[in-house]
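Build the full structure now, drawing on both the sequences and the hints.
Protein chains: 2
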Amino acid sequence: MEREHLSNLLQNRQFKMVRNILKTMNEVDIATLLDDFDDKEMAFAFRLIPKDKAAEVFANMNDNMQSYLVEVFSEKELEDILDDLYIDDTVDMLEDLPANLVTRVLDTVSQSKRELLNLLLQYPDDSTGSIMTTEYISLRQFMTVAESMAHIKRTGIHKESIYTCYVTEKRKLIGIVSAKDLLTSDDEMHIADLMKTNIISVNTHTDQEEVADLFRKYNLIALPVLDRDEHLVGIVTFDDAIDVMVEEATEDISKMAAVSPSEKPYFETSVFTHARNRFVWLLVLMISATITGAIIGHYEAAFAALPLLVSFIPMLMNTGGSGGAQTSALIIRGLALKEITFGDMPRVVFKEFRVSILVGIILALANGIRVYIIYQNFSLAFVIAASLVGIMIGSKLTGCVLPLCAKKIGMDPAIMAAPLITTIVDTFSILIYFNIAIYVFQL
Amino acid sequence: MEREHLSNLLQNRQFKMVRNILKTMNEVDIATLLDDFDDKEMAFAFRLIPKDKAAEVFANMNDNMQSYLVEVFSEKELEDILDDLYIDDTVDMLEDLPANLVTRVLDTVSQSKRELLNLLLQYPDDSTGSIMTTEYISLRQFMTVAESMAHIKRTGIHKESIYTCYVTEKRKLIGIVSAKDLLTSDDEMHIADLMKTNIISVNTHTDQEEVADLFRKYNLIALPVLDRDEHLVGIVTFDDAIDVMVEEATEDISKMAAVSPSEKPYFETSVFTHARNRFVWLLVLMISATITGAIIGHYEAAFAALPLLVSFIPMLMNTGGSGGAQTSALIIRGLALKEITFGDMPRVVFKEFRVSILVGIILALANGIRVYIIYQNFSLAFVIAASLVGIMIGSKLTGCVLPLCAKKIGMDPAIMAAPLITTIVDTFSILIYFNIAIYVFQL
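In order, the protein sequence lines correspond to chains Z and L.
First residue of the first sequence: 1, per our numbering; consecutive thereafter.
First residue of the second sequence: 1001, per our numbering; consecutive thereafter.
Since the hints were derived computationally from the structure, they do not count as laboratory data.
Careful: at least some of the hints might be erroneous.
[As the list claims (entries may be wrong)] Quick list of in silico lysine-lysine cross-link-like pairs, DSSO-like style, CA-CA up to 27 Å:
hint : chain 1 : residue 1 : chain 2 : residue 2
1    : L       : Lys1338   : Z       : Lys196
2    : Z       : Lys217    : L       : Lys1023
3    : Z       : Lys159    : L       : Lys1217
4    : L       : Lys1180   : Z       : Lys159
5    : Z       : Lys76     : Z       : Lys113
6    : L       : Lys1264   : Z       : Lys408
7    : L       : Lys1016   : L       : Lys1076
8    : Z       : Lys113    : Z       : Lys170
9    : L       : Lys1113   : L       : Lys1016
10   : Z       : Lys264    : L       : Lys1407
11   : Z       : Lys16     : Z       : Lys40
12   : L       : Lys1264   : Z       : Lys180
13   : L       : Lys1264   : Z       : Lys196
14   : Z       : Lys153    : L       : Lys1023
15   : L       : Lys1351   : L       : Lys1407
16   : Z       : Lys180    : L       : Lys1217
17   : Z       : Lys172    : Z       : Lys113
18   : Z       : Lys217    : Z       : Lys180
19   : Z       : Lys153    : Z       : Lys170
20   : Z       : Lys217    : L       : Lys1196
21   : L       : Lys1351   : L       : Lys1338
22   : L       : Lys1023   : Z       : Lys196
23   : Z       : Lys338    : Z       : Lys408
Set out below in structure tokens:
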């Protein structure tokens, strides 16, 4: 509706009205709205955005929109946008642009900025360096609060975050001062007396997941990034940390469902990529399921003698698989949030053992009674009930031990989730079930 | 190690050294460290924390530690902590304290604060009201930048967030000004000319999940909360929004693994609660798995004639279940991040259909060839391959349609994840498989 309204105004050349609408809209909303336009219309509308908002809208656009604009921009337009765009947003854009457009961008910026961008582009994809910005407020310890605020007034407008200021000496970070401290302290106070020297910082090569953990743990607005020589080279701001948190949760959920994670949203990922992200794991799972099949084949004599046994296979396999999946999901999430570590293994195993006994007994009772009522066969009811308790203990222990071990040897625990656990648990579910059945029925 | 060091110092009555160590430590780290102490030692160490840090440490402690301290605090100590604690942290604490201690706290605070706390405690658990704070900077539009900054200097120290200031008139919110705007604008400028009037706000009863979405979408530091009469009553700060995001992701992961979500971390949840959170879903899943079992029973004649058929059941069921789980996980996450909506159903179905054909063919080839090589039986190889394609199409379509429909009718889509999808997919996997087998082998 809004899209059509704006589109109509554009076609009727009501540019002033379009400009007025765009003036009051939020930058993120403008980017979302323009995504619904075709490229030409989008570029046209983009040029009507007030100059002080254009860079922010641009930063919120997706790769395709940014590519198109960089391609059709005049020299002057590109220069203006690049001037206003924060460094980390520029790097984000460059990471996804086709090579010829990257060249166009790098040719447009000043030499010092080009060198900086080239440096930032070299950081590995998951590292802090790839999400940091180099625009921050830097103070000296001999400055007063009033001098610091004057400094911020002069330089702050171009800094992404001014709410944490960094006190440096010979490029080394020696303290931090929050804007709140500055705003609530006396003008004459010296930064040296105000700054906190107990600083949480990371390295350019720190994994971005760890950065997100620090933001979550310490409720940070920004986090300083040091290079190998302990020099301050940039900061990460909380909005980028939130993006990382969301991305990591999505990655974990994908992996837990046996999908290789995609960097792009669902619709922006091609059918071919979707298929590739899925079939590899399905093939791996098939191999282990085949083992279960072979084991079942081994008990052919048993179910030939008592075909009814076969019809309980899905229920037992599913219950075992789901029971294991429950535990592994809780452990994987606990590991991700640092609530559980490998050292907790004995506590976890003991806890899961007790839980599995409780759950196993409840399920055994419910099913034993059901089977007895339907088939009037006490032995069968006993086989099902006893199998359920055994399967539940086995599946819950597998569900906690495997993710913990994966973590210990440096693998991603999320891989040890439902699909893999299910397949492993299936095998011994079948073994437990048929062995109890053979024993009870003397097959 | 750090714990032992501090513990030794305490036992040797080296209080000054303990105080010096605590002085340089981060508040979150102190709270974590004290968690390893026994209660008495913890209370003792807590009293050695510098006064300006104590409230922040207290806010970061878990329920048990807070309860114990509130119980053993002197009147004066409790008063001091409550004075320094932000309102939202006080509410957080009160929500988990035993009734007698809640009374103790409410008896200690001033009447106006008691009324405020009672009001905040009434908001539903998942609502914005339950996570907001009432301490914010409020400005008037006729104030100048210099006057505003003087106002912040007088009152800001007790506000949780001063980085977004709220311009009110007759208690209504008419604009917002960021601290960055204040710090980088001329002293004489009026707030009316500086404030943004296009405001993103929520209501006290807005679901906290929606609040977290707004922070993520718009990169906010704080978000104003209005009551029914559009009066400004509080703000939510980004740290609380991050907590909600993490909590919601944990909840989704739990539900996707058929575990009723727990509000507390893994170890703080009792064995009994763990069992209760898990067996209900397992019972539900059992019922549907029983249907699959009954269907298998229906084909007794088929596998009595060709027992080999049974050994492929686990592989086919698992592949179908995992294929469906993959799709449902992607769709559920896409829905949670608002990347996918119910209206996208046709696009999603078409995409999943193409993906499932691709994946199905790859799996069919791999397995068909394997079966042919092992059993030298072309018909069997064909049955398995054809079943796989059919199962993959069915499971991927189920995996996308069910979560979308759940969302549409107001259910939580996360419930439509792996365990439920697996059980549903199992049923038609068996149907497809046996029908193809019966047709091909003329059983």
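Do the hints match the structure? See the list:
For the hint linking Lys1338/L to Lys196/Z, the alpha-carbon distance of about 40 Å lies beyond 27 Å, and the restraint is violated. With a C-alpha separation of about 19 Å, the suggested pairing of Lys217/Z with Lys1023/L holds against the 27 Å cut-off. A distance of roughly 21 Å separates the Cα atoms of Lys159/Z and Lys1217/L; the hinted pair therefore holds under the 27 Å criterion. Between the alpha carbons of Lys1180/L and Lys159/Z the distance comes to roughly 10 Å, so the proposed pair stays at or under 27 Å and holds.
Annotation: proposed proximity of Lys76/Z to Lys113/Z holds, straight-line Cα distance about 17 Å (limit 27 Å). Distance restraint check for Lys1264/L and Lys408/Z: the Cα-Cα separation of roughly 24 Å lies within the 27 Å cut-off, and the hinted pair is therefore satisfied. About 22 Å separates the Cα atoms of Lys1016/L and Lys1076/L, which keeps this hinted pair within 27 Å; it holds. Taking the CA atoms of Lys113/Z and Lys170/Z, the gap is about 22 Å. The hint holds against a cut of 27 Å.
Between the alpha carbons of Lys1113/L and Lys1016/L the distance comes to roughly 35 Å, so the proposed pair goes past 27 Å and is violated. For the hint pairing Lys264/Z with Lys1407/L, the CA-to-CA distance comes to about 22 Å; that is within 27 Å, so the pair holds. Restraint check: the Cα-Cα separation between Lys16/Z and Lys40/Z comes to about 19 Å, which is no more than 27 Å; the hinted pair holds. Between the alpha carbons of Lys1264/L and Lys180/Z the distance comes to roughly 33 Å, so the proposed pair goes past 27 Å and is violated.
At roughly 33 Å between alpha-carbon atoms, Lys1264/L and Lys196/Z are farther apart than 27 Å, so this suggested pair is violated. With a CA separation close to 32 Å, the supplied pair Lys153/Z and Lys1023/L exceeds the 27 Å bound. A distance of roughly 19 Å separates the Cα atoms of Lys1351/L and Lys1407/L; the hinted pair therefore holds under the 27 Å criterion. With a C-alpha separation of about 25 Å, the suggested pair Lys180/Z and Lys1217/L falls inside the 27 Å cut-off, and the hint holds.
Taking the CA atoms of Lys172/Z and Lys113/Z, the gap is near 22 Å; set against the 27 Å cutoff, the hint holds. Proximity of Lys217/Z to Lys180/Z is assessed by CA-CA distance (about 20 Å); at most 27 Å being required, the pair is judged to hold. As the CA atoms of Lys153/Z and Lys170/Z are separated by approximately 23 Å, the hinted pair is consistent with the 27 Å bound. Of the supplied pair hints, the one linking Lys217/Z and Lys1196/L is violated, its CA atoms being roughly 32 Å apart against a limit of 27 Å.
For the hint linking Lys1351/L to Lys1338/L, the alpha-carbon distance of about 18 Å falls within 27 Å, and the restraint holds. A C-alpha spacing of about 11 Å is found between Lys1023/L and Lys196/Z, which places the hinted pair at or below 27 Å, so the restraint holds. This hinted pair checks out: Lys338/Z and Lys408/Z have alpha carbons roughly 13 Å apart, not beyond 27 Å.
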